[in-house]
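Visitor: Chain residues, written in single-letter form:
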Amino acid sequence: MTDTMVTVLVEHRGNEIAQPTLEALTLARSIGRPIAVWMGEEPPAGAVTALREYGAEEVRVVAIGDRARHSGTAAAVLAAATADSAIVLMVSTFFTKEVATRLAIATGAGVVVDAAGAALVDGRVETTQTVFAATWNVRTRVNADRAIVTLRPNTTQAAPADRPAAGEVISVMGMLPEVRETVVSVTPVERDAGVPLSEAAVVVAGGRGTRGDYTLVRELADVLGGAVGASRDAIDEGWISHEHMVGQTGVTVTPVLYVACGISGAVHHRGGMQASGTIVAVNIDPDAPIFEIADFGVVGDLGDVLPQAIEALKARRQG
Amino acid sequence: MRIVVTVKFVPDLQSHRSFTDGTVTRTADDGTMNELDENAVEAALQLKEALPEGEAEVYAVTVGGPDAVAAVRKALQLGVDHAVHVCDESIAGSDVFGTARVLAAAVREIEKDGPVDLVITGMAALDALTSMLPTALAAELDVAQLTLASSLAVANGVATIERHMPDAHETVTAPLPALVSVTDEANTPRYPNFKLIMAARTKPVATWSLTDIGVDPAQVGAMASRTTVLDASTQPPRENRVKINDTGDGGVQLARFLIERGLA
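From first to last, the protein sequence lines stand for chains A and B. Going by the working numbering, the first sequence opens with residue 1, and the numbers climb by one from there. Going by the working numbering, the second sequence opens with residue 1001, and the numbers climb by one from there.
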């Protein structure tokens, strides 16, 4: 650990801190002195306590409400809130990648997105990440004096600090830029109960093989405490909403366990889940490409295999 | 209306094997136009086709080595009017900021013949998938930015998009000029037909160097890149993989596997 200031942009939904933020703070502690930046409405006391427990030496609050949803605005205020930080960590999302890009243009920082880890080596930030649908491992050095790294969820084991940090709450306000874009309507998406797909430690996904019936997929997800995902096919059929799509143009997931049910494993789908820890596949087609990357594969009918697995897992829990 | 579409030359995601007269068809190319850029080209063509003949022009622009010309040729086959290939060995190794600088300079060069109202990009390139280029290019051009559009409409000098964010569906507008990135939900790209393929053969591709578009080579390329790849290695294949046929207890075996691995 060094004296380097490492700022973590807190990912939160309303009052609730997203788990990957705690992973980022854990990583930040291994690099230097963690600072948390909270954008949006004022954070609740419970959130501040959690940030302290994970080592935040300061909690910088940028109370700009919904304006934080605009990537250019978020980047402009972050430039002020992170002026003393050599490293800024964010949780990888489409939105934070835009914020990171704008912040880098404002500050001259180098950017690595979708990293699995970051460390300080001879005064420079080095990152690791997987590319080309997780078939390659890449190590990257940031040449600039400042680094912005967006981190994939589930790549660092979150752990609280040995003792909570002071985490003084400080209000920060930067110059808000002129905004050309106007959000004319926002329709909130009803989320499944539980952990969001992108952050879930367990994902159970269904594809064409479900024939549109997600009952068993949801049941297995419930038993395993996971989130429900889907292939592009299932979205196109209208079987399940777009938020569930796992793939290169949907959500990229890196859970500890990925269970693919009736998903053939087209290259676009694999690109969104291939970096998962353990991959399990159930498919009626023995030649389905998903079996090429599955740690455990069952060639069989979902209607036979899933109820049996659910029952066995439930029985164990009760036993 | 003048529209510029940026397209990227990327390695093919999978080799599309086929047979011709009983033998495997072999092509010299293993690269192609980024698949998600087809949605950008389609969006531009649909906007053009909605206007009276002659009221819109579509340019396709790519940046890259000599092979990258394939990306704009593909765009010509799909029906764009003009193709530009910025080709200069100084560009090699550019990071996203260098690439955005070059693309912005190319757009400004095109603007010498008249203003560009709209720049359309794909949502990501299927090689690196960083999704950073649209934002970087909008910043370089200093125009409004409408990203991840699942639909796009332009009327009375205003672009309107819908986008599906993880927590909400949004409708966002911005006055032109603007940059729009479209997702693969925005449309279904057309296939080039024989007539268009033949017509594309006679359409010229303008090849520009950095000097042509006034970019200082020192500001782009590997030397100017803010990041350097230190090493890249293939991920070792997953070991000890098990595949069973369900003969009546497949579900039980699956559950046992998860329990043994500590996953359930």
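Keep in mind that the hints were calculated from the coordinates and are not lab data. From the three backbone atoms N, C-alpha and C, an ideal C-beta is built for every residue, glycine too. Possibly wrong hints are sitting among the right ones.
Said to hold, decoys possible - Pair by pair, the computed Cβ-Cβ distance ranges are: (1) T1188(B) <-> E292(A): 47 to 53 Å; (2) D66(A) <-> I1259(B): 22 to 28 Å; (3) T4(A) <-> P1204(B): 51 to 57 Å; (4) V184(A) <-> N1240(B): 33 to 39 Å; (5) P1175(B) <-> R218(A): 42 to 48 Å; (6) P1175(B) <-> A106(A): 22 to 28 Å; (7) T4(A) <-> D1216(B): 29 to 35 Å.
As the list claims (entries may be wrong) - Not everything, but these chain A residues come out facing chain B in the computed CB check (under 8 Å): (8) S30; (9) K97; (10) N143; (11) E181; (12) S185; (13) P188; (14) G194; (15) S198; (16) L257; (17) G297; (18) V298; (19) G300; (20) P307.
Visitor: Provide an ascending list of the numbers of those earlier hints which the structure does not satisfy.
Guide: Going through the list in order, the structure violates hints 1, 2, 4, 8, 14 and respects the others.
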